[in-house]
Amino acid sequence: MNGRAMPPGMDDASAGRAPLQAALDGGTLAQLRLPAFLEAQYHARRRAHAVAEIRSRWLLVAATIAVIAAVTFGFGNIPVDLYGAVVFGFGTVLLGVAAVGISVTVPALHPQVDRVLAGAAFVSLTGMLIGTVVAPAGTALRSIAEYGVIFITMAICTISSMSFRRAVLVVLAALATFFALGFAPDWSRFPYFALGSALIAGLTGLTFELRQRVVFLQERLLVLEKRELDELTRELGVISRQDALTGLANRRHFDEVFAREWAAAMREGAAMNLLFIDVDYFKRYNDHYGHQAGDDCLARVAAALAGQCKRGSDFVARYGGEEFVAFFPRTNSAGLRAIAQRMIDAVDELALPHAASDSSAHVTISVGLAVLAPEPGQSSEVLVQQADAALYRAKQAGRHCCVVAGDP
Amino acid sequence: MKDDAGGTPRDQERAYLDRLLAAGSWRRMNLPPAIEAAYQQYHYEVAVAHLRAYWPLVALAIVAVGGALFLLDLVPAPLRELVMTGVAIYFILAMGASVLARLSLGVDGIRWLLGLAATFGLLGMQLATVVVLATDDMGGIPQVGLVLVTVGVFSISNLLLRPALACVLTANLLFVLLVWRSEVPFEWPPFAMYSFGAALLGLIIGFSQEIRERTMFLQGRLLLLEKRATDLMADELAQLSRTDALTGLVNRRHFSEILQREWATALRDGEPLGLLFIDVDHFKAYNDRYGHPAGDACLQQVAAVLAIHAPRAADVMARFGGEEFVGLFPRTDADGLAVIAARIVAAVDALGIVHEGAPDRGRVTVSIGVAARPPAAGEHPDVLLQEADDALYAAKQAGRHRFMVAGR
Numbered sequence: 003m004n005g006r007a008m009p010p011g012m013d014d015a016s017a018g019r020a021p022l023q024a025a026l027d028g029g030t031l032a033q034l035r036l037p038a039f040l041e042a043q044y045h046a047r048r049r050a051h052a053v054a055e056i057r058s059r060w061l062l063v064a065a066t067i068a069v070i071a072a073v074t075f076g077f078g079n080i081p082v083d084l085y086g087a088v089v090f091g092f093g094t095v096l097l098g099v100a101a102v103g104i105s106v107t108v109p110a111l112h113p114q115v116d117r118v119l120a121g122a123a124f125v126s127l128t129g130m131l132i133g134t135v136v137a138p139a140g141t142a143l144r145s146i147a148e149y150g151v152i153f154i155t156m157a158i159c160t161i162s163s164m165s166f167r168r169a170v171l172v173v174l175a176a177l178a179t180f181f182a183l184g185f186a187p188d189w190s191r192f193p194y195f196a197l198g199s200a201l202i203a204g205l206t207g208l209t210f211e212l213r214q215r216v217v218f219l220q221e222r223l224l225v226l227e228k229r230e231l232d233e234l235t236r237e238l239g240v241i242s243r244q245d246a247l248t249g250l251a252n253r254r255h256f257d258e259v260f261a262r263e264w265a266a267a268m269r270e271g272a273a274m275n276l277l278f279i280d281v282d283y284f285k286r287y288n289d290h291y292g293h294q295a296g297d298d299c300l301a302r303v304a305a306a307l308a309g310q311c312k313r314g315s316d317f318v319a320r321y322g323g324e325e326f327v328a329f330f331p332r333t334n335s336a337g338l339r340a341i342a343q344r345m346i347d348a349v350d351e352l353a354l355p356h357a358a359s360d361s362s363a364h365v366t367i368s369v370g371l372a373v374l375a376p377e378p379g380q381s382s383e384v385l386v387q388q389a390d391a392a393l394y395r396a397k398q399a400g401r402h403c404c405v406v407a408g409d410p
Numbered sequence: 019m020k021d022d023a024g025g026t027p028r029d030q031e032r033a034y035l036d037r038l039l040a041a042g043s044w045r046r047m048n049l050p051p052a053i054e055a056a057y058q059q060y061h062y063e064v065a066v067a068h069l070r071a072y073w074p075l076v077a078l079a080i081v082a083v084g085g086a087l088f089l090l091d092l093v094p095a096p097l098r099e100l101v102m103t104g105v106a107i108y109f110i111l112a113m114g115a116s117v118l119a120r121l122s123l124g125v126d127g128i129r130w131l132l133g134l135a136a137t138f139g140l141l142g143m144q145l146a147t148v149v150v151l152a153t154d155d156m157g158g159i160p161q162v163g164l165v166l167v168t169v170g171v172f173s174i175s176n177l178l179l180r181p182a183l184a185c186v187l188t189a190n191l192l193f194v195l196l197v198w199r200s201e202v203p204f205e206w207p208p209f210a211m212y213s214f215g216a217a218l219l220g221l222i223i224g225f226s227q228e229i230r231e232r233t234m235f236l237q238g239r240l241l242l243l244e245k246r247a248t249d250l251m252a253d254e255l256a257q258l259s260r261t262d263a264l265t266g267l268v269n270r271r272h273f274s275e276i277l278q279r280e281w282a283t284a285l286r287d288g289e290p291l292g293l294l295f296i297d298v299d300h301f302k303a304y305n306d307r308y309g310h311p312a313g314d315a316c317l318q319q320v321a322a323v324l325a326i327h328a329p330r331a332a333d334v335m336a337r338f339g340g341e342e343f344v345g346l347f348p349r350t351d352a353d354g355l356a357v358i359a360a361r362i363v364a365a366v367d368a369l370g371i372v373h374e375g376a377p378d379r380g381r382v383t384v385s386i387g388v389a390a391r392p393p394a395a396g397e398h399p400d401v402l403l404q405e406a407d408d409a410l411y412a413a414k415q416a417g418r419h420r421f422m423v424a425g426r
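Top line first, the protein sequences correspond to chains A and B. Heads up: the first sequence begins at 3 in my numbering, then just goes up one per residue. Heads up: the second sequence begins at 19 in my numbering, then just goes up one per residue.
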């Protein structure tokens with residue numbers, strides 16, 4: 003399964019959730035035969051898990067085997083001529099565990115973990131199978147070897163961190179080697195401990211692997227689901243703050259930000275300012291050129307206004323219809339007047355023809371500017387009204403100009 | 019819209035599951051009562067499905083293994099009756115569990131059923147070790163069976179770790195009591211060793227297996243919540259992109275889509291399509307006099323009245339921009355639509371919103387342009403919009419607070 007080539011560009015991001023969901027819904031068979039790219043990801047993940055798990059446990063396993071060895075030497079009544087064989091057997095198993103331990107400790111060897119693990123498991127199981135024949139019949143040593151076969155087979159198929167396929171291959175290879183070496187088992191006992199344990203180990207190992215695969219698929223799916231949720235949350239945040247037509251901040255967002263800035267200015271004793279901007283004769287523009295052209299005009303004007311917001315704290319929003327608002331924290335009156343004039347100029351430079359306008363042959367704006375240091379308890383609405391009133395005066399004064407509140 | 023804790027109970031559970039899955043395995047073994055109950059329900063539902071589907075096969079396998087033992091003549095003569103009895107008991111246990119699982123036993127019932135089967139299955143094997151030990155003809159085989167059954171109780175019995183442990187402890191306790199009371203000679207040290215060894219291996223396997231299933235369950239639950247959150251967010255986003263934030267009516271963009279669709283439908287069916295173009299009279303003056311917040315509130319009130327007058331599912335009331343609204347009424351002719359327009363004019367007047375800036379009436383009123391007719395082939399729907407807008411203009415010219423029907 004690892005061998006199949008990964009189709010170009012088929013990673014989890016481009017394939018999306020469909021193959022994951024299909025595998026989860028497809029049941030056992032679909033989960034055991036994942037698409038090649040998922041299969042590769044699954045094994046990479048399993049190997050990483052195995053490395054982490056074995057690294058924290060292999061010393062414990064080695065110690066357990068040492069204890070079993072000690073018990074065997076203590077209670078096993080080992081015949082003198084088998085002493086060497088038993089020492090050799092336990093020595094080999096401990097060497098195998100040590101090899102696995104080294105392969106998870108040295109990062110460069112991590113890709114080999116599966117092979118080292120399989121090798122150690124193969125050697126242990128084969129040795130233990132041989133032990134069931136070599137140990138004299140009816141002795142405790144033979145029983146210990148038989149239990150050893152059961153325990154090792156179970157461990158290989160379940161908690162060894164090997165893939166189920168590899169575990170089955172290791173068990174089969176050990177059995178084949180055992181027979182190929184010419185050992186004849188005691189057939190009145192062999193089926194019970196060897197086949198019995200293989201059966202239970204097989205069923206349990208399959209369950210392990212299936213659950214592990216489902217956990218993997220769900221993990222991938224959760225990552226994608228979270229990504230989509232984050233994306234939607236971001237989008238929702240943008241759309242709820244943005245005016246769809248112009249892309250500027252919308253009225254609601256302006257209200258929030260303006261209230262915050264107002265409170266900050268009140269705290270610091272600083273002055274706040276507001277520019278109220280209106281497109282001149284826009285109703286006539288709409289009637290003359292149609293609503294679609296009106297929309298285009300607003301979008302162009304909005305872009306021109308946004309172009310005058312140079313600093314991060316500068317803020318411009320669509321207030322509604324053809325009205326815009328803008329404020330520029332920590333900017334003095336002279337600076338604000340200059341900005342207002344630049345806005346008027348920027349819209350002039352758009353040179354959008356407006357045949358129905360009385361003030362010019364192209365689209366123009368009027369600006370009302372107000373500056374106010376907030377007093378405690380004062381509503382920000384006061385400044386909005388002052389700027390709106392200034393705008394009204396600008397309209398009265400023939401439009402296409404800026405009037406500052408408080409100016410004569 | 020809230021993303022982390024503090025949101026709805028669903029969001030809180032999502033955040034909780036996130037933390038739980040990031041925490042170590044042990045945390046997953048001790049879930050809060052509500053989630054634990056859901057997990058056990060899930061686990062035992064799967065177990066029931068397994069019992070129903072696979073355990074008749076297990077029962078058959080037991081009979082097959084027993085039959086093979088006899089056919090291959092692997093059972094010594096003095097033990098034939100005992101082995102036969104054993105096979106019969108395990109067959110009945112497996113078959114009985116499978117049949118009883120077809121009843122609706124509930125979580126507790128299934129747990130007891132599996133628990134009793136496991137306990138007595140284990141106890142039977144334990145007793146066999148005593149009987150066979152006495153005759154000493156198949157020495158060691160029941161012990162192997164005992165190890166396999168013990169591991170099986172933890173791994174393939176479908177019992178959770180804790181009940182499985184309880185079963186193994188109960189069986190051992192009963193066995194010790196029985197042997198002790200019967201005063202049969204029994205070698206305790208080897209029994210203790212392999213029983214303990216098997217239970218230890220079983221515990222490790224059972225634990226790893228249950229952790230995987232718990233992870234599977236929690237991830238599945240999280241995925242479901244995550245999906246629901248995504249769906250909800252997507253709905254909200256779609257809703258938001260279709261509605262006008264201030265009035266809650268359909269927005270301009272979405273209205274254009276609907277108009278296109280309804281236009282095509284009306285053209286195909288040869289039905290009339292009705293359109294209202296509604297404008298709040300002297301709204302600019304209202305805004306200037308009462309301020310923008312009051313203007314917004316006024317628009318909301320008017321919008322609420324408009325929504326009431328578009329009661330059919332196919333009727334659409336939308337904010338066209340500023341103080342302009344449009345209504346779309348499929349399968350409605352000019353006469354029918356004129357009635358609706360008259361009602362709207364009266365209903366807005368009845369709101370009694372004071373408007374001292376309105377020269378004649380002193381209240382907020384609306385003017386409406388009505389256009390309704392079957393579409394002609396090759397015509398753009400904006401033509402109907404233009405006709406309604408023209409009729410609106412006529413209504414304004416005729417003194418406002420009234421409707422005019424296009425072409426009359």
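No lab work stands behind these hints: they were computed from the structure. It is possible that some hints are incorrect.
[Stated by the list, open to error] Covered, in the sense of this in silico footprint (three residues per stretch, anywhere, with C-beta under 8 Å from a C-beta of chain B), are these stretches of chain A:
id	region
1	40-50
2	271-281
3	321-328
4	381-387
Only a predicted model underlies this, so the values are computations on that prediction, with no experimental measurement involved. C-beta atoms are modelled at their ideal positions from N, C-alpha and C, and glycine is treated no differently.
Against the structure, the hints come out as follows:
1. Coverage of the region 40-50 of chain A by chain B is violated. Counting CB-CB distances below 8 Å, 0 residues qualify, and the rule asks for three or more.
2. For the region 271-281 of chain A, the stated coverage by chain B is violated: 0 residues have a C-beta nearer than 8 Å to a C-beta of that chain, whereas at least 3 were required.
3. A stretch counts as covered by a chain when three or more of its residues have a beta carbon under 8 Å from one of that chain; for the region 321-328 of chain A and chain B the count is 4, and the coverage holds.
4. Here's how the region 381-387 of chain A fares: 3 of its residues keep a CB closer than 8 Å to some CB of chain B, so the rule of at least three is met and the hint holds.
The earlier numbered hints that this structure contradicts are 1 and 2.
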